[in-house]
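Participant: Letter by letter, the chains look like this.
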Amino acid sequence: MIIEIGHFSVVIALVLAVFGIVSSGLALRTRDADWVRAGRMALTLIFILLSVGMAALIYSFLARDFSVNYVATNSNSQLPLFYTIAAVWGGHEGSLLLWVFILSTFSTIAVWLHWRTQPAIMPYLIGMECLVILGFLLLILFLSSPFDRLIPAPPDGKDLNPLLQDPAMVMHPPMLYMGYVGFSIPFSFAMAALLSGRLGEEWIKVTQRWTIFAWVCLTTGILLGGYWAYYELGWGGYWGWDPVENASFMPWLVGTAFLHSVMVQEKRKMFKVWNLFLIIVTFSLSLIGTFLVRSGVLTSVHTFATDPERGLYILIFVTTIIGLAFGSLMLRANKLKSQIEMDSMVSRESVFLFNNLFFLVATATVFLGTLYPLMIETWQGAKVTVGPPYYNTVFMPIALGLLFLMGVGPYIPWRKASQASLKKNFLIPVVVGVVSTVVLFALGIRSFFALTGAFVVGFSGAAIFIDVGKISSLYARRESINLLKGFLSAFTSNQRRYSGLVTHVGVLVLVIGIIASTVYQTEKVVSMRVGDEFVIDDYRVKLERIHDVRGKNWSAQEGVFELYEGDTLLTKLRPQKRVYDASQTPTTESAIYAKNMGHIFLTMPDVSADGVAVARGVINPLILWVWGGGGIMGLGVLLNIFRPRKREE
Amino acid sequence: MTRTTQITILVVLLALLSLFYQGLWGDPRHIPPVLVGTRAPVFEGPDVESGEPMSSEHYKGKVILVNFWASWCQECKVEHENLLRLYDKFKDHPEFVMVGINYQDEIPKARAYLQRYGSSFPHMQDVKGALAIDFGVYGVPETFVIDKQGIIRHKWIGPIVDNVYANLTKNVLTPLLSDPNPAT
Amino acid sequence: MFRLIPIPILLCFVFPGAGLAKVVDETEIDQRVREIAKTLRCTVCQTENIWESGAPLAHQMRQAVRERVIRGQSTEEIRAYFHSRYGDYIMMEPPKQGINWLIWLAPFLLLFGGGVLLWREVKGWVTRTPPHQPPPALDEAARRRIERELHENQ
Numbered sequence: 070m071i072i073e074i075g076h077f078s079v080v081i082a083l084v085l086a087v088f089g090i091v092s093s094g095l096a097l098r099t100r101d102a103d104w105v106r107a108g109r110m111a112l113t114l115i116f117i118l119l120s121v122g123m124a125a126l127i128y129s130f131l132a133r134d135f136s137v138n139y140v141a142t143n144s145n146s147q148l149p150l151f152y153t154i155a156a157v158w159g160g161h162e163g164s165l166l167l168w169v170f171i172l173s174t175f176s177t178i179a180v181w182l183h184w185r186t187q188p189a190i191m192p193y194l195i196g197m198e199c200l201v202i203l204g205f206l207l208l209i210l211f212l213s214s215p216f217d218r219l220i221p222a223p224p225d226g227k228d229l230n231p232l233l234q235d236p237a238m239v240m241h242p243p244m245l246y247m248g249y250v251g252f253s254i255p256f257s258f259a260m261a262a263l264l265s266g267r268l269g270e271e272w273i274k275v276t277q278r279w280t281i282f283a284w285v286c287l288t289t290g291i292l293l294g295g296y297w298a299y300y301e302l303g304w305g306g307y308w309g310w311d312p313v314e315n316a317s318f319m320p321w322l323v324g325t326a327f328l329h330s331v332m333v334q335e336k337r338k339m340f341k342v343w344n345l346f347l348i349i350v351t352f353s354l355s356l357i358g359t360f361l362v363r364s365g366v367l368t369s370v371h372t373f374a375t376d377p378e379r380g381l382y383i384l385i386f387v388t389t390i391i392g393l394a395f396g397s398l399m400l401r402a403n404k405l406k407s408q409i410e411m412d413s414m415v416s417r418e419s420v421f422l423f424n425n426l427f428f429l430v431a432t433a434t435v436f437l438g439t440l441y442p443l444m445i446e447t448w449q450g451a452k453v454t455v456g457p458p459y460y461n462t463v464f465m466p467i468a469l470g471l472l473f474l475m476g477v478g479p480y481i482p483w484r485k486a487s488q489a490s491l492k493k494n495f496l497i498p499v500v501v502g503v504v505s506t507v508v509l510f511a512l513g514i515r516s517f518f519a520l521t522g523a524f525v526v527g528f529s530g531a532a533i534f535i536d537v538g539k540i541s542s543l544y545a546r547r548e549s550i551n552l553l554k555g556f557l558s559a560f561t562s563n564q565r566r567y568s569g570l571v572t573h574v575g576v577l578v579l580v581i582g583i584i585a586s587t588v589y590q591t592e593k594v595v596s597m598r599v600g601d602e603f604v605i606d607d608y609r610v611k612l613e614r615i616h617d618v619r620g621k622n623w624s625a626q627e628g629v630f631e632l633y634e635g636d637t638l639l640t641k642l643r644p645q646k647r648v649y650d651a652s653q654t655p656t657t658e659s660a661i662y663a664k665n666m667g668h669i670f671l672t673m674p675d676v677s678a679d680g681v682a683v684a685r686g687v688i689n690p691l692i693l694w695v696w697g698g699g700g701i702m703g704l705g706v707l708l709n710i711f712r713p714r715k716r717e718e
Numbered sequence: 011m012t013r014t015t016q017i018t019i020l021v022v023l024l025a026l027l028s029l030f031y032q033g034l035w036g037d038p039r040h041i042p043p044v045l046v047g048t049r050a051p052v053f054e055g056p057d058v059e060s061g062e063p064m065s066s067e068h069y070k071g072k073v074i075l076v077n078f079w080a081s082w083c084q085e086c087k088v089e090h091e092n093l094l095r096l097y098d099k100f101k102d103h104p105e106f107v108m109v110g111i112n113y114q115d116e117i118p119k120a121r122a123y124l125q126r127y128g129s130s131f132p133h134m135q136d137v138k139g140a141l142a143i144d145f146g147v148y149g150v151p152e153t154f155v156i157d158k159q160g161i162i163r164h165k166w167i168g169p170i171v172d173n174v175y176a177n178l179t180k181n182v183l184t185p186l187l188s189d190p191n192p193a194t
Numbered sequence: 004m005f006r007l008i009p010i011p012i013l014l015c016f017v018f019p020g021a022g023l024a025k026v027v028d029e030t031e032i033d034q035r036v037r038e039i040a041k042t043l044r045c046t047v048c049q050t051e052n053i054w055e056s057g058a059p060l061a062h063q064m065r066q067a068v069r070e071r072v073i074r075g076q077s078t079e080e081i082r083a084y085f086h087s088r089y090g091d092y093i094m095m096e097p098p099k100q101g102i103n104w105l106i107w108l109a110p111f112l113l114l115f116g117g118g119v120l121l122w123r124e125v126k127g128w129v130t131r132t133p134p135h136q137p138p139p140a141l142d143e144a145a146r147r148r149i150e151r152e153l154h155e156n157q
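Residue numbers (this note's numbering), protein chains in the order written: chain A, 70 to 718; chain B, 11 to 194; chain C, 4 to 157.
Simulated from the structure, these hints should not be mistaken for laboratory data.
Warning: the hint list may mix true and false statements.
[Unchecked claim] Pairs of lysine-lysine residues, derived as PhoX-like cross-links and limited to a Cα-Cα distance of at most 20 angstroms, are as follows:
no. : chain 1 : residue 1 : chain 2 : residue 2
1   : A       : K593      : C       : K99
2   : B       : K101      : B       : K72
3   : C       : K126      : C       : K41
4   : B       : K70       : B       : K87
5   : C       : K25       : A       : K611
6   : C       : K25       : A       : K338
7   : C       : K41       : A       : K593
8   : B       : K72       : B       : K180
9   : A       : K493      : A       : K539
10  : B       : K101      : B       : K70
11  : A       : K641      : A       : K611
12  : C       : K41       : A       : K485
13  : A       : K664      : A       : K593
14  : B       : K138      : B       : K72
15  : A       : K336      : A       : K274
16  : A       : K593      : A       : K621
17  : A       : K593      : A       : K611
18  : A       : K641      : C       : K99
[Said to hold, decoys possible] Pairwise CB distance ranges (calculated):
no. : chain 1 : residue 1 : chain 2 : residue 2 : range
19  : B       : L27       : C       : T132      : 17 to 27 angstroms
20  : B       : L27       : A       : H616      : 20 to 30 angstroms
21  : A       : P377      : B       : D172      : 35 to 45 angstroms
22  : B       : R13       : A       : R547      : 20 to 30 angstroms
23  : B       : D172      : C       : E79       : 51 to 61 angstroms
24  : B       : K87       : A       : R614      : 21 to 31 angstroms
25  : B       : A176      : A       : L131      : 35 to 45 angstroms
26  : C       : T30       : B       : D102      : 15 to 25 angstroms
27  : A       : G450      : B       : A176      : 42 to 52 angstroms
28  : A       : A489      : B       : T15       : 36 to 46 angstroms
29  : C       : T132      : A       : M666      : 16 to 26 angstroms
[To be verified] To give a feel for the contact side, a few chain B residues facing chain C, derived at Cβ under 7 angstroms:
no. : residue
30  : V44
31  : G47
32  : A140
33  : I143
Everything numeric in this text was worked out from a predicted model, so none of it was measured.
Here a beta-carbon is modelled for each residue, glycine too, at the ideal position from N, C-alpha and C.
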């Protein structure tokens, strides 16, 4: 009964989405404010109805109603409560419902939030959001409904994929979707700007916080995915360049380019078409990512029953939205001849342009790599793999270029940089960069990646450090306060700029973590019996015993390994080889010990009948900097979003 | 926005659209048969039922049909009937040999499978899957046809359902068997 | 995102006399198997190499690699063997030949081509832009304050 209520609500929401589109159209035609209000009402009701739909599905999971097909496929009576929530979006149908639910939430918030200040935008915003919502609701209701009954109901469910029974998986999909969907708000504002011809800087200023919010959600989502891969998949890596990861990385790259490029329009009123183009591409890539992941176009061999009908529908829908966006951009772009004034090649404006170039080439690289197997198959009927070695080779130089520009951009003046200012701002950073490379070289490090990385990180880090140091001491002296207070005073005086620099520092920390943990990872796999030990780096790992343990819905063999540094016992690591009851799927659970900002990562992938365990040890130096860097990036963004409004430019 | 930019964007979008559209109809099971046209690897191993050694060396100069299967494989059950039918059709031809290769299986289970579903042609053990890798096998069932010269002439991934059976017997096996060229 | 769980190679050693604790280590063979296995794709998984994959086929392929290493084959010989059986698909990256140069060079061509275009475009804007008007003169007090701050800042 409950699930039917949910189903019915979603059907009504679909009707209201059509109504929302029609009423926005009528609002634009008749200029009658009542139609706009009707549209707002429709959107609000859609949000309420989708909440009901979502609640009904969650209830069915909690009530363990296995007569609902989706519940029976993705959960089990023994599944712990926490993961039962994750199971709601653990499958295709539920994740689509979550997508559209978040979309309706955001668009309703946006409509109420900007209602007073942006009346002219409203019909476009409501219409556009209703169109996207309609597209997803059609897909959900006709091609992948989570509300279908399974008659007769099975006694128990099949269980959630054990790999997804993980705390990170509870938050990963919602964060990712909040990122994708968050970009729909600036996208809709951009479309409104295009279609209404109000092409000033207004839409950018209004949506600036939305963009940053979407960006931080997407970043968090991607990092959570990496964190999950790191300790759940058991090979000690966090990024595998697989199509699903790439699908989330592409909108992130263009979104980041957009985030930077809008600053030029705000300050110098240039690149209007370019910014519209970027936000359209960002949201398009979110949709294309959904298409790639959900249609089965990129699935590997021996996955059966991919349904071309579903893929075809998503393709038509995505094409409609993207076609509409690019079509309006092309038709309207000529009205947008913004007066471009460039005083010098060496200026902040031009650094921003090159930043954008690098971001777009990075996106094109990931895009091409992801689609290349499909292209080769279509053209030549052959199969080819584009895996991590490819990306590591071609992506690295682009990434390092971007990091270099990150050090240059904030310290080069708008309009024109003089020779003297270049020398003043960049002499010390260049020296620091060279010195860090030389020091690493002297320490015996020969990896080209690490050495170039050291220069770039040293350079960009020094530039930020000098800037913050100077401004803090200036404020400290001017207001006769100590350096720390001076720093705080300087920070709040231009919080937007300095919170951006905090994010940049986060990027540097992240990059150091990535370089150290990829280039200097040590791995060892040995077979051992109880009592044996192996040496990895400076550590000794001794297998003390193997015993059976039992969880709520799994049983496992657990190895107890003593970890020694010299003769000191650091800890006991307990990796497991689990088998989940319902699906009989085996997983390896890693055991991790953190030391010196790095990890000692241990798994026990196999235990033979006669008691020989396979142990796999991985040392990941500075891996905590990867997550720490992500955290600092997030902090920077929060400081930006919640900056005081008083001193805005 | 210049005309050239507009046309570029349009071309890129249309190219992507057609690529995605094509991709939707691509058969995920289509795998280009790299081995077709090359010399078949030598394969040998114990017989599943008797444990006696078997070797492809004994079949030199004959047309060999090789079928990879396993008792845990659902789709193999689908094609088993057709395999028996196919062997019956050609078994009297002096130059026809048919060999099943039991892929990554437990021998008692494989034997039980053959008893239950019927067995007329010999089967070879490949417990460690080494023969399968020699043949570039992705999964079971997969079927190969080797001509009298020892060249792989045909490969089929997936079960031999009725229309595959018809094609295999009429367009592959019959012409190869009637090929008068002596074995080299 | 759905990868299988790795079950790295069961080393083919027989350990005599259990109970006699000892220090175990990787052999040179183990290291070479890992090095080679990381460059071969598990053909039935999403983009994942046979070292990290837990699929049964990946397990067999690792064993095939090991046997060949023990037989004394070189890394290139082993990779060539797998390539002859499975084609380009088995390599973790497209071989640098023929049409594949497109994907290897595209990022750099785009960066270079885009860079040149952008440079020319910006240069055009710069030449078309009239020289920047100097800002109106400052009053004396402001000028002195700025100078002092600049001075402090040195």
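Participant: Now, for every hint given, state plainly whether the structure supports it.
Facilitator: The hints, checked one at a time:
1. Taking the CA atoms of K593 of chain A and K99 of chain C, the gap is near 31 angstroms; set against the 20 angstroms cutoff, the hint is violated.
2. Of the supplied pair hints, the one linking K101 of chain B and K72 of chain B holds, its CA atoms being roughly 12 angstroms apart against a limit of 20 angstroms.
3. The straight-line distance between the Cα atoms of K126 of chain C and K41 of chain C is roughly 47 angstroms, outside the 20 angstroms bound, and the hint therefore fails.
4. The suggested pairing of K70 of chain B with K87 of chain B is violated, with an alpha-carbon distance near 29 angstroms, which exceeds 20 angstroms.
5. A distance of roughly 10 angstroms separates the Cα atoms of K25 of chain C and K611 of chain A; the hinted pair therefore holds under the 20 angstroms criterion.
6. Taking the CA atoms of K25 of chain C and K338 of chain A, the gap is near 72 angstroms; set against the 20 angstroms cutoff, the hint is violated.
7. Straight-line distance between C-alpha atoms of K41 of chain C and K593 of chain A comes to about 14 angstroms, which keeps the hinted pair within the 20 angstroms bound.
8. A threshold of 20 angstroms between alpha carbons decides the hint, and for K72 of chain B with K180 of chain B the separation of about 18 angstroms falls inside it, so the pair holds.
9. For the suggested pair K493 of chain A and K539 of chain A, the alpha carbons sit about 12 angstroms apart, so the restraint of at most 20 angstroms is met.
10. Of the pairs offered as hints, the one joining K101 of chain B and K70 of chain B holds, with about 16 angstroms between alpha carbons and a cut-off of 20 angstroms not exceeded.
11. Between K641 of chain A and K611 of chain A the alpha-carbon distance is near 9 angstroms, which keeps this suggested pair within the 20 angstroms criterion.
12. Pair hint K41 of chain C plus K485 of chain A does not hold up; C-alpha atoms about 50 angstroms apart against a cutoff of 20 angstroms.
13. For a cut-off of 20 angstroms, the pair hint linking K664 of chain A to K593 of chain A stands: about 18 angstroms separates their Cα positions.
14. Between the alpha carbons of K138 of chain B and K72 of chain B the distance comes to roughly 27 angstroms, so the proposed pair goes past 20 angstroms and is violated.
15. For the suggested pair K336 of chain A and K274 of chain A, the alpha carbons sit about 11 angstroms apart, so the restraint of at most 20 angstroms is met.
16. Between K593 of chain A and K621 of chain A, the direct Cα distance comes to roughly 32 angstroms. Violation of the 20 angstroms bound is thereby established for this hinted pair.
17. Restraint check for K593 of chain A and K611 of chain A: the C-alpha separation of about 14 angstroms stays at or below 20 angstroms, so the hint holds.
18. With a C-alpha separation of about 46 angstroms, the suggested pairing of K641 of chain A with K99 of chain C is violated against the 20 angstroms cut-off.
19. For L27 of chain B and T132 of chain C, the hinted distance range of 17 to 27 angstroms is not satisfied, since their beta carbons lie about 39 angstroms from each other.
20. Between L27 of chain B and H616 of chain A, the C-beta spacing of about 57 angstroms breaks the proposed range 20 to 30 angstroms.
21. The given range of 35 to 45 angstroms is broken by P377 of chain A and D172 of chain B, whose C-beta atoms sit roughly 23 angstroms from each other.
22. Distance hint check for R13 of chain B and R547 of chain A: the Cβ-Cβ separation is about 55 angstroms, which falls outside the suggested range of 20 to 30 angstroms.
23. A C-beta distance of roughly 45 angstroms is found between D172 of chain B and E79 of chain C, which places it outside the suggested range of 51 to 61 angstroms.
24. Taking 21 to 31 angstroms as the suggested C-beta distance range, the pair K87 of chain B and R614 of chain A does not conform, at roughly 43 angstroms.
25. Taking 35 to 45 angstroms as the suggested C-beta distance range, the pair A176 of chain B and L131 of chain A does not conform, at roughly 53 angstroms.
26. Between T30 of chain C and D102 of chain B the CB atoms are about 54 angstroms apart, so this pair departs from the stated range of 15 to 25 angstroms.
27. At roughly 23 angstroms, the beta-carbon separation of G450 of chain A and A176 of chain B lies outside the given 42 to 52 angstroms, and the hint is violated.
28. With their beta carbons about 38 angstroms apart, A489 of chain A and T15 of chain B fall inside the hinted range of 36 to 46 angstroms.
29. Taking 16 to 26 angstroms as the suggested C-beta distance range, the pair T132 of chain C and M666 of chain A does not conform, at roughly 49 angstroms.
30. Given hint, V44 of chain B at the interface with chain C, holds; its Cβ is 4 angstroms from that chain's nearest Cβ, closer than 7 angstroms.
31. Taking 7 angstroms as the C-beta contact cut-off toward chain C, the hint placing G47 of chain B at the interface is violated, the least distance being around 12 angstroms.
32. A hinted interface residue such as A140 of chain B counts as satisfied when its beta carbon comes closer than 7 angstroms to some beta carbon of chain C; here the least separation is about 6 angstroms, so the hint holds.
33. Among the interface hints, the one on I143 of chain B holds; its C-beta lies about 5 angstroms from the nearest C-beta in chain C, closer than the 7 angstroms criterion.
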